[in-house]
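Participant: Make a model of the complete structure from these sequences and hints.
Spelled out, the chains give:
Protein chains: 4
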Amino acid sequence: MIVILRPDTAEGRIKQLIAQIEEKGVSIHFSRGVHETILGLVGDTTHVDEDWLRAIDIVADVRRISEPYKLVNRRFHPDDTHIDVCGRRIGEGTFAVMAGPCSVESEAQLLGVAQAVKASGATCLRGGAFKPRTSPYSFQGLENQGLALLREARRVTGLPIVTEIMSEMQLDDFADVDIIQVGARNMQNFRLLKELGHSKKPVLLKRGLSSTMEELFMSAEYILAGGNDNVILCERGIRTFEKMIRNNLDISAVPLIKAKTHLPVIVDPSHAAGIAWMVEPLARTAIAAGADGLMIEVHNDPQKALCDGAQSLRPDQFDALMQDVRRRAEFEGKAMQ
Amino acid sequence: MIVILRPDTAEGRIKQLIAQIEEKGVSIHFSRGVHETILGLVGDTTHVDEDWLRAIDIVADVRRISEPYKLVNRRFHPDDTHIDVCGRRIGEGTFAVMAGPCSVESEAQLLGVAQAVKASGATCLRGGAFKPRTSPYSFQGLENQGLALLREARRVTGLPIVTEIMSEMQLDDFADVDIIQVGARNMQNFRLLKELGHSKKPVLLKRGLSSTMEELFMSAEYILAGGNDNVILCERGIRTFEKMIRNNLDISAVPLIKAKTHLPVIVDPSHAAGIAWMVEPLARTAIAAGADGLMIEVHNDPQKALCDGAQSLRPDQFDALMQDVRRRAEFEGKAMQ
Amino acid sequence: MIVILRPDTAEGRIKQLIAQIEEKGVSIHFSRGVHETILGLVGDTTHVDEDWLRAIDIVADVRRISEPYKLVNRRFHPDDTHIDVCGRRIGEGTFAVMAGPCSVESEAQLLGVAQAVKASGATCLRGGAFKPRTSPYSFQGLENQGLALLREARRVTGLPIVTEIMSEMQLDDFADVDIIQVGARNMQNFRLLKELGHSKKPVLLKRGLSSTMEELFMSAEYILAGGNDNVILCERGIRTFEKMIRNNLDISAVPLIKAKTHLPVIVDPSHAAGIAWMVEPLARTAIAAGADGLMIEVHNDPQKALCDGAQSLRPDQFDALMQDVRRRAEFEGKAMQ
Amino acid sequence: MIVILRPDTAEGRIKQLIAQIEEKGVSIHFSRGVHETILGLVGDTTHVDEDWLRAIDIVADVRRISEPYKLVNRRFHPDDTHIDVCGRRIGEGTFAVMAGPCSVESEAQLLGVAQAVKASGATCLRGGAFKPRTSPYSFQGLENQGLALLREARRVTGLPIVTEIMSEMQLDDFADVDIIQVGARNMQNFRLLKELGHSKKPVLLKRGLSSTMEELFMSAEYILAGGNDNVILCERGIRTFEKMIRNNLDISAVPLIKAKTHLPVIVDPSHAAGIAWMVEPLARTAIAAGADGLMIEVHNDPQKALCDGAQSLRPDQFDALMQDVRRRAEFEGKAMQ
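As they're listed, the protein sequences go chains A, B, C and D. With the first sequence counted from 1, adding 83 to any position gets you this note's numbering. With the second sequence counted from 1, adding 83 to any position gets you this note's numbering. With the third sequence counted from 1, adding 83 to any position gets you this note's numbering. With the fourth sequence counted from 1, adding 83 to any position gets you this note's numbering.
It is worth saying that the hints were derived from the structure and are not from the lab. Where hints are given, some of them may not hold.
Just so you know, same-sequence chains aren't split out, so a pair can sit in one copy or run between any two.
When the alpha-carbon atoms are kept at most 30 Å apart in a straight line, the in silico DSSO-like pairs for lysine-lysine are as follows [said to hold, decoys possible]:
no. : residue 1 : residue 2
1   : K98       : K343
2   : K417      : K277
3   : K417      : K341
4   : K107      : K387
Facilitator: This is how it looks when you write it as structure tokens:
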């Protein structure tokens, strides 16, 4: 960590500050120039608060050099993490496809879609029971009844289920969900993250719409810091100025996550663009970028979907996509599972 | 609402769609041109789901014309809403100043700051007991002990207290808080918003870092839809590309909120820039823009603050600011209270 | 185009407006509802100015439905455009690789890199003679001497050359450049675009850092409207909030350009991230997305490059990349040329 | 400037790098820690290229500490710059109002508006002769005839004129323009900036739509580096995600420009929101923020304006605004001139 001091700071004040910092267990290298005076903090600065330093009147600026995340940091954990989901392995070298409807709407709808996506080769069933909707007047999900239908679909198809949690109050209800999804709007719901850290459940952590990579990593760090290493990151599009699409898939996130962390990363091309015809080209780029899987919305009748129908594939479209996905995963040397 | 159909759609399909839409209780005007065919939906379209329409194969695009928010909409509620907080009135024509430390740190700190800001003319005491921090390694607040200290400070100074809630699980603990703050990261925590709608508590709803005005209004709509009209909106800076400041005060939000809704709006210049010296110029612009109040961080010793010290004013700086604020509020014809 | 009128507008004023609009040769469909009154403009609205309509006091809002671009619009020009560059064909079904140094620095440097990239399979030589630099104190390019060296490198290697123009004043100097590049900062230099429209030269039009797709298409429309159809679009990364990379490759741009226009599209993964190790993963995604080519910076000694060395590949790295590019282009069914 | 080296770099390589950097006339302080090794570059680093450093394999990151702008930097030029425009003084302590139509359309229109804004107290006449328009099909300005009309309006009213230049080719035609405006899209047209640096003309430099403060300052630095100190900066709104307005006035820019540079700053509230009713509240915030003036669009008949009518005030609205502006400028202790 680098602390830049204001010009013309008295020597006495500088010595005082150095002493204060050294109390925190880091050592300091001191550089004085004509225009700037610099303190280089050397050692483990994870617990040195930038805000504290910035508030000191002789401090002009603070630059963090080492990353503030440790447990998710590949530098300290060079090996890829793999997560076991009902005997399926998610992580580098494998390729997972989580597919299903945006929201669970009825037994017929869910079982129909679940059987279709399984037949096409999906490795996990997705479906929302609790839906975060911008408008209070939009369909909010079947709630606990939706969870029950997901369990039923798992029983019938054998596919593990992934579904979104909205609050730490629901943890008991989600006890037998196979992967608990934290949605983009809850990426910084820190109380929820802490509670998930005390569980051992696989967590699919979606990136917030305008979150930086570092913020995503820090949210994952909350979960790992609680003792739960089973975190899968998910890139699902960011907000940009583009008006032709709903969100903008940030494909750079995939190589960055792979380089900076040891966690698996999944791409959701359905939410990214919000347009059904773009799911396929974006899925291709995700595979090429090195993602460990896809999350794709499939609906038996997108035109009657209660949410996000515009981005859902029909089962026949999903089946065609899966043929291409398999061909490409093989090209990249990845095993579908 | 306007529905644009794909070129060359068969008449039969169009008639079928018109019938489906009319079932939802809206009437339709139909325009057919060479390049485009347009359906104009006329009536109350609040409950017509854009997503549903977009998923229909003959639909090229959907444009909402009337706003999706009703209860917060000034068009339907032309009079300004005023909110009573312990006998003080917040809303058009008055000017509130909520001041205090970023986080409650100790009895001495809180009481010291509370008495100082009261003496300078603050109308409400702010202070965080539960802190949403990006890093799990940062100070997370004194939690329930912090709430107790806030109650104590209210007893001593007579100032109403405003403090941030993190989860709907805490509602009982917040039962005697005067204004419950929903932070930027929770602006779309819909379960929390729903529960606050079932309360009658004044709610200070902070805008998310990258949220649009419409999203902010829809989140307020959640609270009003539950039956609670006591909502104060708060602009606290948005994320932009600017690197010299932490966030960027969106001053346009003030006239937009005033024009589109009937709710009071408060500006937080401390969080906006994240730099103490910018609090004063930004506070001036907030008053000129027509805001109904300010929320300002004050710390007795910013250099020892456990969070956000860099943006906190010292009590003497706050006192100087308040002299200017009073002069400007008077210039705008607003009564401090 | 949809014109939404203010509620409670007098009939007389509406009739007057309808008459004014019909004078422009479009016909109007009129829908009156309780909350809104809508005019649907049907016909060729390219020349109807939205700004003019918005300024009319009875107009609440204007929504364009048909795209404002015609000549670049795939709807009116369904066939893919191919551009001939010295006998090489750029466009759908082929794959071009433009490679070379960020800036031309010396004869030895340029010839060395040119021969290396040719040997590795590049189809075009890039190199900047005039460099747009944020700082007046940075290296600004060898200027006309740089152009001469590019001609020399073309003579030696037989590779066509692509280099950036800065002003319409330079058109004579660029007369024998094979592809004239318009940089991101000049995407809306409309005088330059107009002059390029009067030429027949192939133009590589780079997208501005924060430009929307529609703005990019409108800039291309300037060139086509002048009579020059030889336009190649280039996605080179957009500005986002991410701090780990310089710009953020917008991979969605590729399928959007392919769907909405008939022009070829090239991706520049070097400028996108600004980091050498990310060139390769981003190049992979560009191929998978359906791009018609890549533009890649190669420097014989990146550590001594006078600009953008951090994102340049060494010739051996480029050679390794090209082996992968060829394998992937073949997988996509594209011919390198 | 701070250079962070990769862990485990050999001593020999570090010594070699230090020698290379010292050749550039800066001295180096060296800090070696467990996790990081840091070089602190001390002295004038304006000419040390970050890109060059980043490309060196042993370099992990580079952080600039001192600002890369010198001539516009208040640190080295603490006194406010004032610019003389036909005997009127623009800069700290004074308040300028530049008003007039978006584009010059006819003699009657321009003279009518010019006389009206003069009567209301404007201190400068604005009007576009050359218009940068997104669409090639939109009105592009009266061009040289527009310049002639501006001269005529100056003769009649005595108001200095400000109008936008599009290219360095036009400098002769702009020889007797009083303030040459560089538009947002040309903020990084470096050839134009360089030529303006060789002139002595006052230049109004508008901030690009997505430009950072530092980029704006570097563009001004181009002009000052050429020898022309007469630069006025102009904030005119930035691109954000907000859909209710065209651009978003960045009010923080005013105090930042005042703190970091010695140049005058003007605010354009007309282009910021693009909505006539928001001009007045935004103008109020600009005055409160400390701006040295306003640029406002006024049209005698906004509904017939050939561009940007939706944001233009009528002369009577402008007159009402000016009464408020005078009252507020006086409150801030500024002299209108």
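Participant: Against each hint, give a clear statement of whether it holds in the structure.
Facilitator: The hints, checked one at a time:
With identical chains, the CA atoms of K98 and K343 are at most 30 Å apart between copies only, with a shortest distance of 28 Å across copies and 36 Å within one. Taking CA atoms no more than 30 Å apart as the test, K417 paired with K277 passes in neither setting, with 33 Å inside one copy and 44 Å between copies. Both within a single protomer and between protomers do K417 and K341 lie at most 30 Å apart by alpha-carbon distance, with minima of 15 Å and 29 Å respectively. Taking identical chains as interchangeable, the C-alpha atoms of K107 and K387 lie at most 30 Å apart only when they sit on different chains, with a minimum of 14 Å there against 60 Å within one chain.
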